[in-house]
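So the protein sequences, as listed, match chains D and V. Note that the first sequence covers residues 30 to 215 in the numbering used here. Note that the second sequence covers residues 30 to 215 in the numbering used here.
No lab work stands behind these hints, which were simulated from the structure alone. Here the structure is a predicted model, which is why all the values come from computation and not from measurement. Each statement offered as a hint is correct.
Note that the list lumps identical chains together, so a pair holds whenever it fits in one copy or between two copies.
Derived pair list, reagent style DSS-like, types lysine-lysine, alpha-carbon separation capped at 30 Å:
#: 1; residue 1: Lys125; residue 2: Lys68
#: 2; residue 1: Lys51; residue 2: Lys125
#: 3; residue 1: Lys51; residue 2: Lys68
#: 4; residue 1: Lys36; residue 2: Lys141
#: 5; residue 1: Lys115; residue 2: Lys141
#: 6; residue 1: Lys197; residue 2: Lys125
#: 7; residue 1: Lys115; residue 2: Lys135
#: 8; residue 1: Lys135; residue 2: Lys36
#: 9; residue 1: Lys125; residue 2: Lys135
#: 10; residue 1: Lys51; residue 2: Lys36
#: 11; residue 1: Lys36; residue 2: Lys127
#: 12; residue 1: Lys141; residue 2: Lys127
#: 13; residue 1: Lys197; residue 2: Lys51
#: 14; residue 1: Lys36; residue 2: Lys68
#: 15; residue 1: Lys115; residue 2: Lys68
2 protein chains.
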Amino acid sequence: MPHINLKNDLPGIRSAMAYSPKTAAPMGVLAEILLRSNKGLAPAERELIGMYVSYLNDCFYCHHSHGEIACIYLDGDRELVEQVRKDYNKAPIPDKLKSLLAIAAKVQQGGKFVTAEDVERARENGATDMDIHDAVLIAAAFCMFNRYVDGLATTAPTDMSSYPLRAKQVAENGYGSHIYTARQPA
Amino acid sequence: MPHINLKNDLPGIRSAMAYSPKTAAPMGVLAEILLRSNKGLAPAERELIGMYVSYLNDCFYCHHSHGEIACIYLDGDRELVEQVRKDYNKAPIPDKLKSLLAIAAKVQQGGKFVTAEDVERARENGATDMDIHDAVLIAAAFCMFNRYVDGLATTAPTDMSSYPLRAKQVAENGYGSHIYTARQPA
Numbered sequence: 030m031p032h033i034n035l036k037n038d039l040p041g042i043r044s045a046m047a048y049s050p051k052t053a054a055p056m057g058v059l060a061e062i063l064l065r066s067n068k069g070l071a072p073a074e075r076e077l078i079g080m081y082v083s084y085l086n087d088c089f090y091c092h093h094s095h096g097e098i099a100c101i102y103l104d105g106d107r108e109l110v111e112q113v114r115k116d117y118n119k120a121p122i123p124d125k126l127k128s129l130l131a132i133a134a135k136v137q138q139g140g141k142f143v144t145a146e147d148v149e150r151a152r153e154n155g156a157t158d159m160d161i162h163d164a165v166l167i168a169a170a171f172c173m174f175n176r177y178v179d180g181l182a183t184t185a186p187t188d189m190s191s192y193p194l195r196a197k198q199v200a201e202n203g204y205g206s207h208i209y210t211a212r213q214p215a
Numbered sequence: 030m031p032h033i034n035l036k037n038d039l040p041g042i043r044s045a046m047a048y049s050p051k052t053a054a055p056m057g058v059l060a061e062i063l064l065r066s067n068k069g070l071a072p073a074e075r076e077l078i079g080m081y082v083s084y085l086n087d088c089f090y091c092h093h094s095h096g097e098i099a100c101i102y103l104d105g106d107r108e109l110v111e112q113v114r115k116d117y118n119k120a121p122i123p124d125k126l127k128s129l130l131a132i133a134a135k136v137q138q139g140g141k142f143v144t145a146e147d148v149e150r151a152r153e154n155g156a157t158d159m160d161i162h163d164a165v166l167i168a169a170a171f172c173m174f175n176r177y178v179d180g181l182a183t184t185a186p187t188d189m190s191s192y193p194l195r196a197k198q199v200a201e202n203g204y205g206s207h208i209y210t211a212r213q214p215a
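Just chain D, same shape as in the assembly (with noise of 0.2 Å):
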């Protein structure tokens, strides 16, 4: 049960953002943007770092959601989702997003531990500046993301097909951007 009433029924943070619409636009609009950019970065590649880091801060509701949203763009490879979910060193995925993956890894644990080698050994895999920048805000907002999530104890639903019709409609029309934009904050 959520920590306090959030006078809706939906699930994790659908139901914190629509109890706090203010707040959720600006959130959305991030989201939109650090997930669905096609420069630099591919959606499937930001979507797998942002399901990583949800899983590595155990939120269920996050690295199921990103998770399935990710399979979507990778043509339904859900087995290469759950390979990078458990041991993304043994995935087949390029070098370069191997190393933004340690490098979220990092973030995760707290934005000092990120070594001037971590991010030597991504430049060296073909990562640009931007692709690290991306990175790292993709996993600093993934920990924002999460601990909304949790921290509200929101519901998460345990019936798992509704995560992957979820994961279809982000697909096709985004995180709501094109709503949360035309607000202004009061």
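Guided by the hints, dock chain V onto chain D, whose structure is given.
Chain V in isolation, oriented as in the chain D frame:
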């Protein structure tokens, strides 16, 4: 030295935000709403929560920046800010704020650390559902801001006289949402 070439000489989060204005826009709006709203928690209380979480995350730039902004709202009472930073339980602040700082400290560790007892105690001390929501989200947001700042190894001024000067600008003009909300993400 920053991990990537941020292409500017600004300190802390301002450097990262200038490097990536598209993501800076919603982050600025979120900070503006969370930290400067007068509904429920006062701006001074909001800044103290942000300062304290930044201190727990060992983010030098953020805890000094937001400590100085809190100080302005507290009519220059830097001693009180220091007491909250070091041992808020002994600081001369209301029990409501103490119990919200306790929740924020749990969120800093991870969302699931917040217990029903923590929330019940805040309620007994007069916190509303929205106060509890805001404390959780402010703490969660600083877990993002702090990781963004330190995950990129942005520079923090060691000249401590710069923090009150910048704090005065923020207290007077806000976090820049008046600029940011006019922009749409591309």
